[in-house]
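J.: Just so you know, the protein sequences line up as chains E and L, in that order.
The first sequence begins at 1 in the working numbering and counts up one residue at a time.
The second sequence begins at 1 in the working numbering and counts up one residue at a time.
No lab work stands behind these hints: they were computed from the structure.
We treat Cβ as the ideally placed atom computed from N, Cα and C, and that holds for glycine.
Possibly wrong hints are sitting among the right ones.
The calculated label-pair distances, taken between Cβ atoms and stated as ranges, are [to be verified]: (1) E:E116 x L:S64: 49 to 57 Å; (2) E:I231 x L:R78: 25 to 33 Å; (3) L:G183 x E:G167: 42 to 50 Å; (4) L:A307 x E:D188: 38 to 46 Å; (5) E:G167 x L:V374: 43 to 51 Å; (6) E:A78 x L:W175: 50 to 58 Å; (7) E:L251 x L:F21: 39 to 47 Å; (8) E:A189 x L:Q277: 29 to 37 Å.
With a straight-line Cα cutoff of 16 Å, these simulated EDC-like cross-link-like pairs (lysine to aspartate or glutamate) come out [stated by the list, open to error]: (9) E:K64 x L:E122; (10) L:K216 x L:D70; (11) E:K64 x L:E30; (12) L:K35 x E:D250; (13) E:K26 x E:D161; (14) L:K332 x L:E30; (15) E:K64 x L:D82.
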Amino acid sequence: MRTSILGATVALALVTGSATASEGPKLAAQNWSFGGIFGTFDRATLRRGVQVYNEVCASCHSLKLVAYRNLGDVGYGAEEVKAIAAEFEVTDGPNDDGDMFTRPALPADRFAAPFENDKAARAANNGALPPDLSVITKARKGGSDYIYALLSRYAEDPPADFELSDGMYYNEVFPGHQIAMSPPLGEDAVEYADGTKATTAQMSKDVTTFLVWAAEPEMEERKRLGIIVMIFLTALTAMLYALKRMIWSDLH
Amino acid sequence: MTTPTWTNPIIKWIDYRLPIFTFTQHHLVEYPTPKNLNYWWNFGSLAGVVLVIMIATGIFLSMSYTPHVDYAFDSVERIMRDVNYGWLLRYLHMNGGSMFFIAVYIHVFRGLYYGSYKAPREILWIIGVIILFAMMATAFTGYVLPWGQMSFWAATVITNMFTAVPLVGEAIVNWLWGGFAVGNPTLNRFFSFHYLLPFIIFALVFVHLWALHVHKSNNPVGVDMKGPQDTIPFHPYYTIKDAYGMGVLMLVYLAFVFFAPNFFLEPDNYIEANPLQTPPHIVPEWYLMPFYAILRAFTQEFLWIPAKVLGVIAMFASVGILALLPWLDTSKVRSARFRPIYKQVFWLFFVDCLVLGYVGANPPEGYLILLGQVATAYYFLHFLVVMPVLGIMEKTRPVPDSISAAVTPGGTSGKEDT
């Protein structure tokens, strides 16, 4: 009975926790390098993801919580970070004359926002606001699997009975299926520095990995520390249990 | 209990003036505890441990948090990214809330099963109910602080409940908000409440323990301790048992923190609050879902009282009714072990709470509306009809004369639960 009560309690957590996560179209679970408790970000994937992000996504989306210097945490050298940052312009100031000015971004800057403000972003995007992508994989049900599916599962021809509004695109996983973002990752949208073939699936996977890292830059450290903590706690709890048995033995 | 004689002169000097050592000796070391407590009795101290963790992590989080509508969301993410081990503090705090409720709910259900609320522990129980109310208020205000979409809209939905108050409802809500909508003043005061309430809970826990230490713990047999043969000293027997329990709890708690930190959170709360965009589906945290289901169960006015007012009353009453349980339960026998029918009814009630949780987690559509109403009706039926009637009708099994008689081989009654 005791185990069944515990089971029921866990079930309560699972039922209520996952009850709302089961809506929407089915997402295929991808085999992510960062999956599981031992998962880490594959560095080559991440590098390609940075390239896709900077060359494609960054022209419409901001990434305001991530700084260029953060790339140093995943294998980029100081000079490399500087070079990547310098490809973007940021607004700074006011200077001594009281004017704002633009300058190349520095490693300390957050990823440069493509638009001055939300209104400007909407004006340039047919009225739609491209969301900030800093925590996008934490902010969507399905996380990385959803983002991957969103990027790779556009349909050129919507189902016959589907009415698509002007300037909208049909996406298999987006809620309501109408999305304002045009299919962003056509074949060979980027030319990978490492020579990998830039298929839609490849780019989607790479940039999704980058976005997961952007949302959870602490993930590798978190899991590494977690494993040590679990080993320690298991040993400690086992010893406490043995001690408990020993202390209580004179009662039985 | 004898007053200990201290040999160390410093301890002796202090204890003569402020008897903290004697106090500790009486309440943590010699403290007579029933010798037959099972592991369900671990959860009170576990909840206490989690409360301390929550207060400690919360104090450090508040050092880097900015309670302003323009900065709150980003400041939480900044804690996660730029504060040393900020992600650990924040995930400990976030998941700690869930662990606190898990521990406390188990603690409450243990009390229900073994009749811990019965005389002479009514006040102990009522203080517990007040703690539960305070916990809910703390959890709710805490949910608002990251200023995500769920934060904002949960704050809007819950504060709007007060418009149900006749005549002055609108004024009360404006007063709560500090304006005409949930906004910066609301966030500021919620932060203030969220910092204040845990210390009130902490104080209430001491009163709870004070009341506990008067008549001491109930036990699985539900008969009073009759003498030294029924008790063991708290230390080392229950200190080590609690320490072991804590190890197990930490394994579960930290597994979530390190490997699935966002398991209990709605993804929508990682979208910054936007007053112009209502999420399709507003939900509270899992531990409030049964009460949310009760709130939404009332869909029609009754005796000219609007449905909304009924829902609000029912929601508060669903927790408050626990305080009346010592008098609603008319049975003279405490423990469900000797109440064959109550034992079944208890599990029915437990399942009813799970059903309410499930209904609260999902949009009120289709059969879920009726299911929520039936489950809500049964929830109150359990307290208002089943408990009073069952106590009178039920033919209980013979209760052992003492704890010793119950746990000694050949004693009056079996020791198995079920």
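J.: Each hint should be assessed against the structure and marked as holding or not.
T.: Here is how each hint holds up against the structure:
E:E116 and L:S64 have their C-beta atoms about 29 Å apart, which leaves the hinted 49 to 57 Å range violated. Between E:I231 and L:R78 the C-beta distance comes to about 31 Å, which sits within the given range of 25 to 33 Å. Between L:G183 and E:G167 the CB atoms are about 34 Å apart, so this pair departs from the stated range of 42 to 50 Å. Distance hint check: the CB atoms of L:A307 and E:D188 are about 59 Å apart, inconsistent with the given range 38 to 46 Å.
Evaluation of the 43 to 51 Å hint for E:G167 and L:V374 yields a pass: the beta carbon distance comes to about 48 Å. A hinted range of 50 to 58 Å for the beta carbons of E:A78 and L:W175 is consistent with their spacing of about 55 Å. Separated by about 27 Å at the C-beta atoms, E:L251 and L:F21 break the suggested range of 39 to 47 Å. Between E:A189 and L:Q277 the beta carbon distance is about 30 Å. The supplied range of 29 to 37 Å therefore holds.
Simply put, E:K64 and L:E122 have alpha-carbon atoms about 54 Å apart, too far for the 16 Å limit, and the pair is violated. For a cut-off of 16 Å, the pair hint linking L:K216 to L:D70 is broken: about 50 Å separates their Cα positions. Taking the CA atoms of E:K64 and L:E30, the gap is near 58 Å; set against the 16 Å cutoff, the hint is violated. The suggested pairing of L:K35 with E:D250 holds, with an alpha-carbon distance near 12 Å, which does not exceed 16 Å.
Straight-line distance between C-alpha atoms of E:K26 and E:D161 comes to about 21 Å, which puts the hinted pair past the 16 Å bound. Proximity of L:K332 to L:E30 is assessed by CA-CA distance (about 30 Å); at most 16 Å being required, the pair is judged violated. Distance restraint check for E:K64 and L:D82: the Cα-Cα separation of roughly 14 Å lies within the 16 Å cut-off, and the hinted pair is therefore satisfied.
Hints 1, 3, 4, 7, 9, 10, 11, 13 and 14, counting from the list given before, are not met by this structure.
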